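*Asks:* These protein sequences, in sequence, are chains B and U.
Our numbering puts the first residue of the first sequence at 1, with every later residue one more than the last.
Our numbering puts the first residue of the second sequence at 1, with every later residue one more than the last.
Treat the hints as calculated values from the structure; they're not laboratory data.
You may find that some hints are simply not true.
Beyond 12 Å from chain B on every Cβ pair, some chain U residues (computed) [unchecked claim]:
#, residue
1, A116
2, D118
3, A140
4, A232
5, H328
6, F397
7, W428
8, L473
9, D505
Simulated pairs of lysine to aspartate or glutamate, EDC-like, Cα-Cα distance not exceeding 20 Å [what the hints assert, rightly or not]:
#, chain 1, residue 1, chain 2, residue 2
10, U, K113, B, E374
11, U, K518, B, E374
12, B, K384, B, E152
13, U, K113, U, D505
14, U, K432, U, D505
15, U, K518, B, D238
Computed, partial: chain B to chain U, Cβ under 10 Å [claimed, not checked]:
#, residue
16, I94
17, L129
18, A135
19, L156
20, Q216
21, H217
22, A275
23, G279
24, Q286
25, C305
26, L324
27, G328
Owing to the predicted nature of the structure, the values given are computational and were not obtained by experimental measurement.
Cβ coordinates follow ideal geometry from the N, Cα and C atoms, glycine included.
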Amino acid sequence: MAIENRDVRFAPVKTSAVIGPLVVALIVAPASWVASAIMLGTLLPFTLGMILAGTASRRAAERQLAALAALSGLFVDRVTHLPLIRHFGAEARIGRQVRTATGEVARRTISVLRTAFLSNAVLEFFSALSIALVAVYCGFSLLGLLPFPAPEKLTLVPAFFVLAMAPEFYLPMRRLAAAYHEKQLGEAAEQALAPFASTPAPDPQAAAAFDGLRVQHLVLSFPGLSVGPLDFALERCDLAALSGATGSGKTSTLAAIAGQLVPASGCIGSLSGEALPHGGVAWAAQRPLLIAGTLARNLALAAPCASEADILAVARRVGLGDVLARRGGLAMPIDHAGSGLSGGERRRIGLARAILSGRPLILCDEPTADLDAESAAAVIALLKELSAERCILVATHDPALIRASRMEIAL
Amino acid sequence: MSAHLPTGAEPLPDLLAAAGVARRQLFLASLCSSFAAIAAIGLLAVSGWFLTSAALAGSAGLAAAAAFNYLVPSAAIRLLAIVRTLSRYGERLLSHKVALEGMAQLRGSLFDKLAAQDSRHAPDTSPGEASTRLIDDVEALEDLVIRQPARQAAIVSALVSLALVAFGGGRALVFLSVVMAALPVLFRRISERLTRGPAEEAAAALGHLRIRYVELAGCRAEIAAYGLADEALVELEPIALRLDKARADLFRAEALQGALLSIYGGAAVAGILLLARESAPMVALAMLATVSAVEAMGGLSRSLLRRASLDAGLRRIAALNALDGCLHEPVIAAPSPLTLGTRRFSAGARVALTGPSGSGKTRILLSLAGMQPSSAPLRIGEAPLEGLSPEHLKSRFALSPQDAPMLIGTVADNLRLARPGVTESDMWAALKVAQLDRRIARSEAGLDTPVDEGGGLLSGGERKRLSIARALLAGRPWLMLDEPSEGLDAATEAALVESLRGWLDRTGNGLILVSHRKVPLALCEEEVEVAGLSQASSHVANAGTRKDSGARKDADTG
Numbered sequence: 001m002a003i004e005n006r007d008v009r010f011a012p013v014k015t016s017a018v019i020g021p022l023v024v025a026l027i028v029a030p031a032s033w034v035a036s037a038i039m040l041g042t043l044l045p046f047t048l049g050m051i052l053a054g055t056a057s058r059r060a061a062e063r064q065l066a067a068l069a070a071l072s073g074l075f076v077d078r079v080t081h082l083p084l085i086r087h088f089g090a091e092a093r094i095g096r097q098v099r100t101a102t103g104e105v106a107r108r109t110i111s112v113l114r115t116a117f118l119s120n121a122v123l124e125f126f127s128a129l130s131i132a133l134v135a136v137y138c139g140f141s142l143l144g145l146l147p148f149p150a151p152e153k154l155t156l157v158p159a160f161f162v163l164a165m166a167p168e169f170y171l172p173m174r175r176l177a178a179a180y181h182e183k184q185l186g187e188a189a190e191q192a193l194a195p196f197a198s199t200p201a202p203d204p205q206a207a208a209a210f211d212g213l214r215v216q217h218l219v220l221s222f223p224g225l226s227v228g229p230l231d232f233a234l235e236r237c238d239l240a241a242l243s244g245a246t247g248s249g250k251t252s253t254l255a256a257i258a259g260q261l262v263p264a265s266g267c268i269g270s271l272s273g274e275a276l277p278h279g280g281v282a283w284a285a286q287r288p289l290l291i292a293g294t295l296a297r298n299l300a301l302a303a304p305c306a307s308e309a310d311i312l313a314v315a316r317r318v319g320l321g322d323v324l325a326r327r328g329g330l331a332m333p334i335d336h337a338g339s340g341l342s343g344g345e346r347r348r349i350g351l352a353r354a355i356l357s358g359r360p361l362i363l364c365d366e367p368t369a370d371l372d373a374e375s376a377a378a379v380i381a382l383l384k385e386l387s388a389e390r391c392i393l394v395a396t397h398d399p400a401l402i403r404a405s406r407m408e409i410a411l
Numbered sequence: 001m002s003a004h005l006p007t008g009a010e011p012l013p014d015l016l017a018a019a020g021v022a023r024r025q026l027f028l029a030s031l032c033s034s035f036a037a038i039a040a041i042g043l044l045a046v047s048g049w050f051l052t053s054a055a056l057a058g059s060a061g062l063a064a065a066a067a068f069n070y071l072v073p074s075a076a077i078r079l080l081a082i083v084r085t086l087s088r089y090g091e092r093l094l095s096h097k098v099a100l101e102g103m104a105q106l107r108g109s110l111f112d113k114l115a116a117q118d119s120r121h122a123p124d125t126s127p128g129e130a131s132t133r134l135i136d137d138v139e140a141l142e143d144l145v146i147r148q149p150a151r152q153a154a155i156v157s158a159l160v161s162l163a164l165v166a167f168g169g170g171r172a173l174v175f176l177s178v179v180m181a182a183l184p185v186l187f188r189r190i191s192e193r194l195t196r197g198p199a200e201e202a203a204a205a206l207g208h209l210r211i212r213y214v215e216l217a218g219c220r221a222e223i224a225a226y227g228l229a230d231e232a233l234v235e236l237e238p239i240a241l242r243l244d245k246a247r248a249d250l251f252r253a254e255a256l257q258g259a260l261l262s263i264y265g266g267a268a269v270a271g272i273l274l275l276a277r278e279s280a281p282m283v284a285l286a287m288l289a290t291v292s293a294v295e296a297m298g299g300l301s302r303s304l305l306r307r308a309s310l311d312a313g314l315r316r317i318a319a320l321n322a323l324d325g326c327l328h329e330p331v332i333a334a335p336s337p338l339t340l341g342t343r344r345f346s347a348g349a350r351v352a353l354t355g356p357s358g359s360g361k362t363r364i365l366l367s368l369a370g371m372q373p374s375s376a377p378l379r380i381g382e383a384p385l386e387g388l389s390p391e392h393l394k395s396r397f398a399l400s401p402q403d404a405p406m407l408i409g410t411v412a413d414n415l416r417l418a419r420p421g422v423t424e425s426d427m428w429a430a431l432k433v434a435q436l437d438r439r440i441a442r443s444e445a446g447l448d449t450p451v452d453e454g455g456g457l458l459s460g461g462e463r464k465r466l467s468i469a470r471a472l473l474a475g476r477p478w479l480m481l482d483e484p485s486e487g488l489d490a491a492t493e494a495a496l497v498e499s500l501r502g503w504l505d506r507t508g509n510g511l512i513l514v515s516h517r518k519v520p521l522a523l524c525e526e527e528v529e530v531a532g533l534s535q536a537s538s539h540v541a542n543a544g545t546r547k548d549s550g551a552r553k554d555a556d557t558g
């Protein structure tokens, strides 16, 4: 938003701020070259003033953006959790915290604005000075009372014209200064976003067909979490369970294999030592992405070319048959909040999506968590059956699922 | 000021009062603004008059030129330049300060009012919507306050311009008065046709876009794995396109408006030139004053319109502001028995709620916690749940919800939520019962370990235990746990259940448990089948001993 405001408001004004005054000076020159020179003369101190005020306020803008982001996050967070806050009777205490945060943002914003307004005042002053100087020069010139030999002969009409044009000289720059605050916020926002813009490019070299997963000396190291070194190998068709005490980094290990986390050291590749094929990893999420559309579209999100028959077969296979019968088949509409779907049904949509994607390696994050015993057993049976055709790595602490796996990798 | 606002502006004064907008400072800002406007007009008008008089004196010969008093006007011109600069700086700083501080206050007070509502009937505020109301709408109000001094100055400067035009003669004055009076009306007509639609559309599209974006951000891992970023963007695209189109329409309309205003101003100046019958310097003064007057009126009309387009947002905040924000005194409750359907449990009982997924076990916990309307016949003492105030429920129950929600902040922030006056040693004791003390002690930051919406450095199971520790700290007679051992490995689960048993024995508190796992269920002495509860209140609830609970977990609703 801040960046957009900068692009929309600042960029075009900037161009006109450079060209505008020069055009005005050119237009004025034939009427009175002295007036034109006076205008240009006041431009220099003005530019210096702007630069000085500008550098000071940039740093303040960065601080303010951080505070604004924190405030925005804090508000959304606290309002989202209002039922919890009310439940514990913490309304007044959290209210005070919110007040402190909003007050802090107001304070920082004012300090940024103070410098922005100062640069504006510099501008206003020179613009007023320019008009005053031009007026006084023209007046004295018309009176014939200039304290120095008149450099040109001025009459009323050109003098009036020059005076009317004088405010125009500074107008584009006044608009620029008004937009300056947006520029600073925009730049600070761009800097804050920069780390996210550089996503790792996919490995350009086409990898060989997937023949299994090999993880060697994998070490993950983040604040508060360290995993490994891990060494394991999975066959092309396999079912392995990544187990371990809660918080030992199961999900992070899956994310590293999916290429979403950069490991501290070690390597992840196919059994023959090649890189994993690009787009070879499916992710069955605990809470899958749902987009507004039909059930079919949601199931085939990772396989847009799947035929209706394929989709139907997979949907039945993961146990969505009941839902299909109950709510009108594959054409059943789904909204983005997944209204009317239970947690287990969503989990199954995630699994169906992974199967339909045709990707050889499926990563499942806690596929049986929060399910009752019978649903969990059905999911385990399905994973077991799938392991005859895919390589599946689950992160779980469900003993039944661990027992069903060929191998347990304990963290 | 309110007299100049369009009709339907009622919410504003109340909101400003709630914001505690400092009236004195706002008045000073208006004063500065008026000075600045008058100085700007004066600068042009005096210059024009000075030039013309100087030219006349100059052409009348050297004697006239020498007699011409140039000191006063040239000093006035310089003075006006300085006054304008200083007063505009003052206006900007003061009006922003007043507005920003006032809005910070308003946000806090709106939050308090929302917080004072009963969760069972409170408007369901989604995260995206909350940020729209509390951030965007209040920002719009802030803008309004910031511009208020400028609006007053515009009126002052229009009046001053009229006074100056009077030097150009009565006819010019009447003409300009009519021209200026007609301007806001014309401007409003044109703008309503041109800008109102796009402005409202843009605001609606922006709110919509924000809500959807928050939702999509929750599915990051999957979007990254399948490269679904494009799909996600497609989801956002129609909304973004709608927003872009509305904005483009708005900019076009505004540009057209600006052009029309310039033409109007030109026509007004031409009219003055034709009508003014006074001396040339006076006509020059009148013409330059006219330019300022039309500009001021244009600015005023524009800002009145902007005010109108903000009405929807103002009404939204006013609706929040109208909520009763009075916090009720906390109630100290004596331990009282709890009736679920027909089963009555004395204080200190340990009860498991059973039933297949989706039968409403969690719903019962949330009802008792005062977080949702009740769906089953529940009574505390003899009083039905619906009739009890939220304060009564808060004083009796402490819930650790299934999804273990955490405030963004630190471990300590989340534990302090439980009740006022929690000490560090209280925290460590609760963490020890929840089997989380060693994990937190290992972490470098200790109790200041950060927690955020995704759990921060804590895993799912750790969040769960932190949420249990929080419920323990609340010190209420009934502890309610929803799937307390979900996400835990078997060893941690066993240790947690043992230490919870010890805590319950020590404190004598009651327990209401929902779990589909066997180990925690061993904590409970009694059990209630939920399906029977909510279906028929008159019927004897289908309750039994825990032995046959496994057989009853049949219907798989997923």
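*Asks:* For each hint given before, does the structure comply? Return the numbers of the non-compliant ones in rising order.
*Replies:* Hints 1, 2, 4, 5, 6, 8, 10, 12, 13, 15, 20, 21, 22, 25, 26, 27 not satisfied by this model.
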